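Going down the list, the protein sequences come from chains F and D. In terms of the working numbering, the first sequence is numbered consecutively and its last residue is 457. In terms of the working numbering, the second sequence is numbered consecutively and its last residue is 457.
Note that these hints are calculated values from the structure, not bench results. It should be emphasised that the depicted structure is a prediction, and the values quoted were computed from it without experimental measurement. The reader is advised that the hints may include incorrect statements.
DSSO-like cross-link-like pairs, simulated, lysine-lysine; straight-line CA separation at most 30 angstroms [stated by the list, open to error]:
no.: 1; chain 1: F; residue 1: Lys19; chain 2: F; residue 2: Lys32
no.: 2; chain 1: D; residue 1: Lys188; chain 2: D; residue 2: Lys32
no.: 3; chain 1: D; residue 1: Lys347; chain 2: F; residue 2: Lys32
no.: 4; chain 1: F; residue 1: Lys347; chain 2: D; residue 2: Lys347
2 protein chains.
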Amino acid sequence: MEALDYARSHRDAFREELKAFLRIPSVSTQEKHVPDIERAAAWLRDKLSEAGFSEAEVMPTSGHPVVYGAWTEAGSEAPTVLVYGHYDVQPPDPVDLWETPPFEPTIRGNDIFARGASDDKGQLYTHVKAVEAVLQSRGELPVNVKCIFEGEEECGSPSLETFIREHQGLLDADVAVISDTGFLGREKPSIVYGLRGLAYLEVEVTGPDHDLHSGLYGGAVLNPINALCTIIGQLQDENGRITVPGFYDNVRELSDEERDQLAGVPFDREEWLQEAGVVRDWGEPDYTIMERTMIRPTLDVNGIWGGYIEPGAKTVLPSKAFAKISMRLVPDQNPDRIAALVGDQIKALAPQAVAVEVSALHGAEPVVVDRESPMMEAASKAYEEAFGKEPLFVRRGGSIPVVADFRSILGIQTILMGFGLPDDRLHSPNEKFHLPNFYRGIETSILFMSFLSELSR
Amino acid sequence: MEALDYARSHRDAFREELKAFLRIPSVSTQEKHVPDIERAAAWLRDKLSEAGFSEAEVMPTSGHPVVYGAWTEAGSEAPTVLVYGHYDVQPPDPVDLWETPPFEPTIRGNDIFARGASDDKGQLYTHVKAVEAVLQSRGELPVNVKCIFEGEEECGSPSLETFIREHQGLLDADVAVISDTGFLGREKPSIVYGLRGLAYLEVEVTGPDHDLHSGLYGGAVLNPINALCTIIGQLQDENGRITVPGFYDNVRELSDEERDQLAGVPFDREEWLQEAGVVRDWGEPDYTIMERTMIRPTLDVNGIWGGYIEPGAKTVLPSKAFAKISMRLVPDQNPDRIAALVGDQIKALAPQAVAVEVSALHGAEPVVVDRESPMMEAASKAYEEAFGKEPLFVRRGGSIPVVADFRSILGIQTILMGFGLPDDRLHSPNEKFHLPNFYRGIETSILFMSFLSELSR
Numbered sequence: 001m002e003a004l005d006y007a008r009s010h011r012d013a014f015r016e017e018l019k020a021f022l023r024i025p026s027v028s029t030q031e032k033h034v035p036d037i038e039r040a041a042a043w044l045r046d047k048l049s050e051a052g053f054s055e056a057e058v059m060p061t062s063g064h065p066v067v068y069g070a071w072t073e074a075g076s077e078a079p080t081v082l083v084y085g086h087y088d089v090q091p092p093d094p095v096d097l098w099e100t101p102p103f104e105p106t107i108r109g110n111d112i113f114a115r116g117a118s119d120d121k122g123q124l125y126t127h128v129k130a131v132e133a134v135l136q137s138r139g140e141l142p143v144n145v146k147c148i149f150e151g152e153e154e155c156g157s158p159s160l161e162t163f164i165r166e167h168q169g170l171l172d173a174d175v176a177v178i179s180d181t182g183f184l185g186r187e188k189p190s191i192v193y194g195l196r197g198l199a200y201l202e203v204e205v206t207g208p209d210h211d212l213h214s215g216l217y218g219g220a221v222l223n224p225i226n227a228l229c230t231i232i233g234q235l236q237d238e239n240g241r242i243t244v245p246g247f248y249d250n251v252r253e254l255s256d257e258e259r260d261q262l263a264g265v266p267f268d269r270e271e272w273l274q275e276a277g278v279v280r281d282w283g284e285p286d287y288t289i290m291e292r293t294m295i296r297p298t299l300d301v302n303g304i305w306g307g308y309i310e311p312g313a314k315t316v317l318p319s320k321a322f323a324k325i326s327m328r329l330v331p332d333q334n335p336d337r338i339a340a341l342v343g344d345q346i347k348a349l350a351p352q353a354v355a356v357e358v359s360a361l362h363g364a365e366p367v368v369v370d371r372e373s374p375m376m377e378a379a380s381k382a383y384e385e386a387f388g389k390e391p392l393f394v395r396r397g398g399s400i401p402v403v404a405d406f407r408s409i410l411g412i413q414t415i416l417m418g419f420g421l422p423d424d425r426l427h428s429p430n431e432k433f434h435l436p437n438f439y440r441g442i443e444t445s446i447l448f449m450s451f452l453s454e455l456s457r
Numbered sequence: 001m002e003a004l005d006y007a008r009s010h011r012d013a014f015r016e017e018l019k020a021f022l023r024i025p026s027v028s029t030q031e032k033h034v035p036d037i038e039r040a041a042a043w044l045r046d047k048l049s050e051a052g053f054s055e056a057e058v059m060p061t062s063g064h065p066v067v068y069g070a071w072t073e074a075g076s077e078a079p080t081v082l083v084y085g086h087y088d089v090q091p092p093d094p095v096d097l098w099e100t101p102p103f104e105p106t107i108r109g110n111d112i113f114a115r116g117a118s119d120d121k122g123q124l125y126t127h128v129k130a131v132e133a134v135l136q137s138r139g140e141l142p143v144n145v146k147c148i149f150e151g152e153e154e155c156g157s158p159s160l161e162t163f164i165r166e167h168q169g170l171l172d173a174d175v176a177v178i179s180d181t182g183f184l185g186r187e188k189p190s191i192v193y194g195l196r197g198l199a200y201l202e203v204e205v206t207g208p209d210h211d212l213h214s215g216l217y218g219g220a221v222l223n224p225i226n227a228l229c230t231i232i233g234q235l236q237d238e239n240g241r242i243t244v245p246g247f248y249d250n251v252r253e254l255s256d257e258e259r260d261q262l263a264g265v266p267f268d269r270e271e272w273l274q275e276a277g278v279v280r281d282w283g284e285p286d287y288t289i290m291e292r293t294m295i296r297p298t299l300d301v302n303g304i305w306g307g308y309i310e311p312g313a314k315t316v317l318p319s320k321a322f323a324k325i326s327m328r329l330v331p332d333q334n335p336d337r338i339a340a341l342v343g344d345q346i347k348a349l350a351p352q353a354v355a356v357e358v359s360a361l362h363g364a365e366p367v368v369v370d371r372e373s374p375m376m377e378a379a380s381k382a383y384e385e386a387f388g389k390e391p392l393f394v395r396r397g398g399s400i401p402v403v404a405d406f407r408s409i410l411g412i413q414t415i416l417m418g419f420g421l422p423d424d425r426l427h428s429p430n431e432k433f434h435l436p437n438f439y440r441g442i443e444t445s446i447l448f449m450s451f452l453s454e455l456s457r
C-alpha cells in the first residue's frame, strides 16, 4: 500500500516535525502562555495545509482558538470522519523533576520525552501525517476527513461546547475519532469504550482576616488549615468510599457479563504497581484495581496550600487555606449535581468559626460508547493490521468531555483510538510518547480510513 | 531626672536610628538573607559602642552571630542586669499584603510599620537607648548592664543554648530582662510572668513515587494529600482538644487563685475579636479566651502544601504532601516528649498505603517566673512611673525559649518587660510598633535601672 510505504519512508521527517510542535509551551491554564497557544495553533494550521487539507484555518472562540481542517472530496456517499485532538498541554511543574527540560523534546531509547508528547500532540499528529501519507501518495482520501483541534482541553474545554453548537454544519460527520487514550500495556493495543467524567471544585477556607501569631492566638482562633483538613478527612472512609450523601445514587452498576469481560482483560498487578510507583494498591475492596480506576467514582485532592510553605519554621496561624478537589464520575452521575452535593457537604462539615467558599471549575459527563458498530470494526481491523494484534476493549478512568458533546450535539459516536502507553507519565514530569506507537499510529489511521470506506460501501 | 530629659529630647534621633535598623532585612530562616543578618549584627554592635558600652562585639556561634555589649563599672555590689533581645526577624511573606514594603519603615499616625518593628528590633533598642541616655547624661549607670542580642530567635535559637553554656562567666548576672512581649491593650501596661513552650514538626507524606494522572490512577492509589488531611483531622476534636494519647499528662492545672487573678485582668471580648480579625472565638469551652491562649496547650498547622497550587485546574494525583505542625506547650509539658508523642500518633494514624516521615524542627520549654521578687517590684514601679499605671501581671501564649535557658544555665530569673500592643501584627503583614511605647519603653528601662539599684541596697 503506497500510503503505508510513504509513512514508513517519512518517519524521520515526521518525528522532527513532532519535535518542533513539542517545543511550543502551549500551556492553556496559564495566562503567560497565551502567545504560545497562538503560536501552536498557527503552526498546526500550516501543517494541515502542507499535508494537503483543502481547508485549514485558526478559528476564534471565546477562549483559545480551534484549529480546523477539512478534505471533503471523497463524495457524499463516502463516510465522513471527524478527528478531534488538543494542542494545549498541562503545566510542566514540578519542573525540577524533569530529567530533560519539558519543552526541549529529547529522544532516549524509543521514547520522545516532552510535555504533551503523548497528551495530546504526538497522538493527534498521527492523523495529520496519515492524511498527508494518503494524499501525497494517492492524490485522494477514501473518506472525507475533518479535524478539530482545540486549545483548552487541559483547562476543561470551556469554549468547545459552544463552538460545536455554532458550527454543526461544518462539523457534520458520521463518526468521530479521538487519539487521547492508551494501550493497556506495550503489547496490548486497546480501544477505549468508556470514560469517567469529572467534577472539579476549588475550596477556600477563611479563619481570621489576617495572619496571626500562633502563640498569641492559638487555642482561641480556629486555624483554617486545621478546619480544611478536618473537612477533607470526613469526605471519604478509609477505603475511599465517598461519604457525601447521595453521591452514589446514580451510579449504574455493571452487568456481570461486562465485569467478567473486564476481568478477562490481561492485567499484571506487579507491572501496574511499578507503573504507578506504589508499594501497594488501595481502594474499595469489592472492586478490582482495574474496576476502581475505570468504573468507580473517586475523590482526590489535586492541590492544597495555606500558611508558611518555605523552608524552616514560622509560627503563623494563617488567614486562609485552599484546596482543589476533583471527583471522577461514572455513568449516570451528573457533574453539576455531584459538584453541588460535594460542595454542600463541604459547607455542612465546616465549623462555624471559619467561612468556606466553594467554586466549581469545570465538569465532564461520563460516557460509554457502542462496541458493536461497523466503525468500531474498522478501527479494530486497523489496529490488528498495524500492530499485529487484535485490540482489547477497555474502559478508562480519565475524562474526555467532548465525547458526550459529539453524541448530544452532532449525534455521532466516537472511536477512542489511542496510542499511549501506561508509563507515558501524563500530567507528570518526564512525560513521553513511545515512537513506535507514533509511527504505527499513523499506519493505524491510514488503515482505518481504508477499512471504513470498505465497510460503508 | 537628667536621663529622662535626655531620652525625651532625643526622641526624633532615636526613631531615625530605629528606622535604619528596620531597613536591614535580617530574616534568619532564609539562606539568602545571611549577609543582612551580618549587616544587622555589625550595625547593632556599632550602636552599642556609640551608646557608651565599654565592651561591644559581634561574637560567632555555629549559626548567626550574637551581639554582646557590657558596661560593668557600677562595682561588684551593684546588681547586674542581662538584657536579651533578637535582631533577626520573621520572613515578611505574604509580601503583597503589606500596605508599605516590609523593609521600608513607614510612620502612619503614632505607629512605625516594618517587619521587626515590634518583634524585636524596636523593643530591644529601648534598652540600648536607655543606657545611652543614662551614660551620656550622668556618665555612669546605677547598675551593671550586659546585653546579648541573638540572630536566630525566629528559627528557634539553635546556637543560643550552647553559646550561653560556653560563656557563663561573661553572662553572669543577677536578673535578665527581655522586651519581646506586649501590653494587654493600649492603656494596659503588662508584665508577663508565664510563657507557653513550643514543639514544631514537619510532616512529609509520600504516596506514589511520581505524580500520577488522577483519572488513570484515582481510586486505586491513595492520594497523599487526602491521607495527610485525614491524619491531621484526627489529631484534635471539634473544640481543639488534642486527641494524641498522653498529650495532657503533664499539664499542670492552675490553682483557683491564679485562675481568679487571671479572670480579674481586664479583657474586652469585642476588642479581642477585632484584633484577631474573627467573627467568633473558638476552643475548649471550659476555659476563657485568655486561658485558651495563655495556659492551655494547642496544635496548629502552620503550613500545608502539595499537588497543583497554581491558578486553574490540574488533575494530578501527587506524589507528596507536606505540613508544618506546631504545638504550644504549658508547664510541665516537655517539648521533646510532646514532639515524640505527636509524631508517633501521626505515624500510627497513617494508612499503610502511604509513607510518612516526621522531623522535629525545634522546641521551647514553657516557663513561669516568680511574681514576688524585688526585681519584679523594681520593674513594676518603673512601668507605673513611665506609663502612669500599675502594670498587669499576665501570662502569654508565645514562647521565649531563652527564659528557660537563663534559669537552668545561669540560675537567674527573667523579667519580661514588654512594650508591644495586641494589634502589632507580629509575624503578619503590616507589623508595627507604637512609637509612644518605644519612647516610654526607653524611660521604663532607665527607671528600672534606678529602682533596681535602690531596692538592692
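Q.
For a C-alpha distance cap of 30 angstroms, please report whether F/Lys347 and D/Lys347 respect it.
A. Given pair F/Lys347, D/Lys347 holds - Cα atoms ~29 angstroms apart, limit 30 angstroms.
Q: Take a quick look at whether D/Lys347 and F/Lys32 sit within 30 angstroms of each other, Cα to Cα.
A: violated, 41 angstroms
Q. Given the hinted pair D/Lys188 and D/Lys32, is their alpha-carbon gap at most 30 angstroms?
A. violated, 39 angstroms
Q: For the pair supplied as a hint, F/Lys19 and F/Lys32, confirm whether the alpha-carbon distance does not exceed 30 angstroms.
A: holds, 22 angstroms
Hint compliance for this structure: hints 2 and 3 are not met, and every other hint is.
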